[in-house]
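Peer 1: The primary structure of each chain is shown beneath.
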Amino acid sequence: MTTIYEQRPGLSRRELLKRGTIGAALIITGNAVISPDRAWGLESAALKPDTMATLIRLARDIYPHDAIADRFYAIAVKGHDTRAAGDAGHKELIEAGIADLDRRAGEGGYRGLGWEDDRVRILREIETTPFFQAVRGDLVVSFYNQKELWPHFGYEGESYSKGGYITRGFDDIEWL
Amino acid sequence: MAASYDLDDDGVVVIIGSGAGGGTLGNELAQKGIDVVILEAGARIEYEDFINDEWDSFAQLAWLDHRTTGGGWRVAKDFPNLPAWIVKAVGGTTIHWAGASLRFQDYEFRTLSHYGKVEGANLLDWPLTLAELEPYYVKAEDKMGVTRTNGIEGLPGNNNFKVLKAGADKIGYKECHTGRMAINSADRDDRMSCQQTGFCFQGCKWGAKWSTLYTEIPKGEATGKLEVRPDSHVVRIEHDADGKATNVVYADKEGNLHSQKARIVCVAGNSIESPRLLLNSASNLFPDGLANSSGQVGRNYMRHTTGSVYAVFEKPVHMYRGTTMAGIIRDEAGHDPSRGFVGGYELETLALGVPFMAAFLDPGGWGRSFASAMDSYAHMAGLWIVGEDMPQEQNAVRLHGEIKDKYGMPVPDVWFTDHPNDTAMRNHAYKQSQALYEAVGATRTFPTPPYPSTHNLGTNRMSEKPQDGVVNKWGQSHDIKNLFVSDGSQFTTGGAENPTLTIVSLAIRQADYIAGEMASGTI
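As they're listed, the protein sequences go chains A and B.
At position 157 of the first sequence (counting the first as 1) the number is 157 in the working numbering, and the numbers step up by one without a gap.
Residues are numbered in the working numbering as their position in the second sequence, beginning at 1, plus a constant of 176.
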């Protein structure tokens with residue numbers, strides 16, 4: 001199983017810097033992807049940690065919400081690791097797809113491309129592939145269906161238990 | 177107390193499906209003292225168990241049995257196994273529907289005469305007039321508690337309606353209000369009033385929206401003349417040597433097959449399953465399927481010309497709060513060929529939550545354009561286009577050549593391509609809707625493609641002559657006198673209006689006819 005856990009401080013800043021960083025943000029150590037602010041980590045079971053880190057970058061490039069933290073993208077893509085653990089075909093699809101992204105990006109790989117526009121240019125080339133379709137098709141649910149994110153979008157979710165909106169602003173628009 | 181009938185009881189009317197058509201027909205017949213068994217493929221889920229969560233509710237209610245798609249519609253590409261967003265549960269799609277209850281306009285029953293022949297369209301006049309149906313519309317509106325009829329107040333307008341209304345006023349539309357809705361604006365019929373919860377599509381947890389699940393069905397059961405059997409998926413209808421329907425074979429929850437005898441069989445499984453069932457019931461006597469001497473079973477599949485327009489404003493709207501579809505503009509509903517198409521369309525408020533907005537705003541879309549649209553969610557208003565589409569013979573529900581369901585029956589393949597008239601209408605509606613929202617300051621608008629179909633119509637159409645369609649003006653099949661169609665698949669053409677009120681009206685009328693024929697011993 002993939003696990004995402006709240007990371008306790010442990011590694012020193014120096015140690016962190018010695019290990020590779022991904023993009024400007026995530027750190028890979030052992031079988032885990034760790035956020036540099038140490039707030040969370042993601043342990044992979046079947047996919048390479050590098051692959052998970054690239055998936056997180058890819059997820060943000062597909063649905064770029066600058067005010068949403070990496071961990072929500074990590075949560076959104078962890079299903080691929082879980083599925084890959086029991087499905088060799090899926091594992092191959094994801095690993096090969098990520099390897100292809102790295103190849104297209106050239107030296108430094110996909111995460112090494114500093115500009116989103118450069119990464120997106122590559123994604124436009126592969127957007128009809130089964131790999132991209134699988135990642136995007138899963139992500140549109142696994143990302144936007146996270147209740148913790150709904151406040152960001154201004155969506156209030158379930159309302160029955162609060163008595164609906166009849167006294168809570170169903171008609172409160174004032175700017176018209 | 178609900179009735180319980182023996183499988184060998186050949187005196188019962190067997191109705192397949194418990195939605196707007198089947199649930200209403202079942203109650204109406206039971207009220208007349210006729211013995212009725214309703215076989216419903218889905219489970220019985222009471223309204224307190226509905227879920228205010230789009231994906232969880234979808235998993236709880238949606239018809240997810242395997243289906244395939246084909247043709248030029250975008251649904252075939254984006255949702256290849258989900259041609260329709262309808263319900264598999266007692267109450268059928270009256271659990272999911274939004275409540276808009278509009279009568280057909282007079283000319284919409286005779287489009288071939290009124291529009292003239294349209295190239296590529298299989299238009300036909302209904303063998304029925306508005307005048308004939310009007311008394312039943314009156315009964316249906318009272319039964320369902322439709323606002324703005326029978327002295328019932330309209331619903332209050334929510335934020336999304338207020339934006340629509342302001343835009344309508346700005347661009348000169350005259351007929352804009354909170355709709356004729358089968359949603360209680362005040363307590364009525366032992367059901368409470370709308371609490372503006374915003375989850376109409378997920379089943380109303382208050383029971384404020386009319387659904388056969390908690391109106392027709394319990395009322396019918398209370399007569400002691402109606403038995404509803406949930407988890408009973410009909411696989412075929414059988415007949416005797418004279419070609420009279422005799423019994424219905426269905427699978428229970430465990431997949432065991434049972435055979436229920438019947439005096440009369442009424443098919444009300446919505447416009448994909450109903451023709452599929454007739455086609456899957458082919459026999460030596462009826463090699464092309466039951467009631468299919470015309471070859472029209474499954475053909476002329478209609479889904480209304482739909483689409484949505486969402487618009488972003490500088491300030492918040494919170495469109496998801498309140499009754500989803502309590503807002504309508506009817507100015508474009510008439511037939512005015514100067515617009516470049518025949519027939520008309522309605523504009524109705526619509527909102528999705530964040531999860532479904534992400535799935536449906538621009539299926540397959542991604543990148544900054546998409547994400548920034550989602551970031552504007554709280555500032556969005558939205559509407560739905562629903563207009564008359566052209567019946568076309570090749571738009572059809574057919575049996576899949578290879579794929580079978582778990583009972584060994586071929587799955588349905590739903591093939592649909594827009595007629596040029598449909599496309600012209602949709603483009604006109606997009607343009608009008610974008611202008612409407614821009615008139616009140618929209619900074620960005622999204623002409624959103626049609627969702628999987630909710631209005632599935634026409635696949636067992638009514639016709640005067642047996643060679644033109646499947647059933648007569650009573651929904652009785654031309655070929656088999658004790659076989660009826662009781663859902664939206666009997667629509668000859670679709671009209672511009674949401675179909676449920678018409679389905680219910682036809683079911684009330686059909687009950688009168690069936691009772692009369694039974695009494696006179698003709699069936």
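It should be emphasised that the hints constitute simulated quantities derived from the structure, not laboratory data.
Hints may contain errors.
[Claimed, not checked] List of simulated lysine-lysine pairs, BS3-like, C-alpha gap at most 27 Å:
1) 607/B / 420/B
2) 162/A / 420/B
3) 91/A / 253/B
4) 491/B / 162/A
5) 147/A / 420/B
6) 346/B / 491/B
7) 162/A / 381/B
8) 147/A / 346/B
9) 293/B / 582/B
[Unchecked claim] Covered stretches of chain B (chain A as the covering partner; in silico rule of three or more C-beta atoms under 8 Å from a C-beta of chain A):
10) 330-336
11) 506-517
Beta carbons are placed, not taken as given, at the ideal position from N, Cα and C, and that holds for glycine.
Peer 1: If a hint holds in the structure, say so; if it does not, say that too.
Peer 2: Comparing the hints with the structure gives:
1. 607/B / 420/B: violated, 52 Å
2. 162/A / 420/B: This hinted pair is violated, its Cα atoms lying about 54 Å apart.
3. 91/A / 253/B: holds, 25 Å
4. 491/B / 162/A: Status holds; Cα separation ~25 Å.
5. 147/A / 420/B: violated, 55 Å
6. 346/B / 491/B: holds, 18 Å
7. 162/A / 381/B: The given pair, whose Cα atoms are some 12 Å apart, holds under the 27 Å limit.
8. 147/A / 346/B: Not satisfied, since the Cα-Cα distance of roughly 37 Å exceeds 27 Å.
9. 293/B / 582/B: violated, 43 Å
10. 330-336: holds (count 4)
11. 506-517: violated (count 0)
Of the hints listed earlier, those the structure fails to meet are numbers 1, 2, 5, 8, 9 and 11, in rising order.
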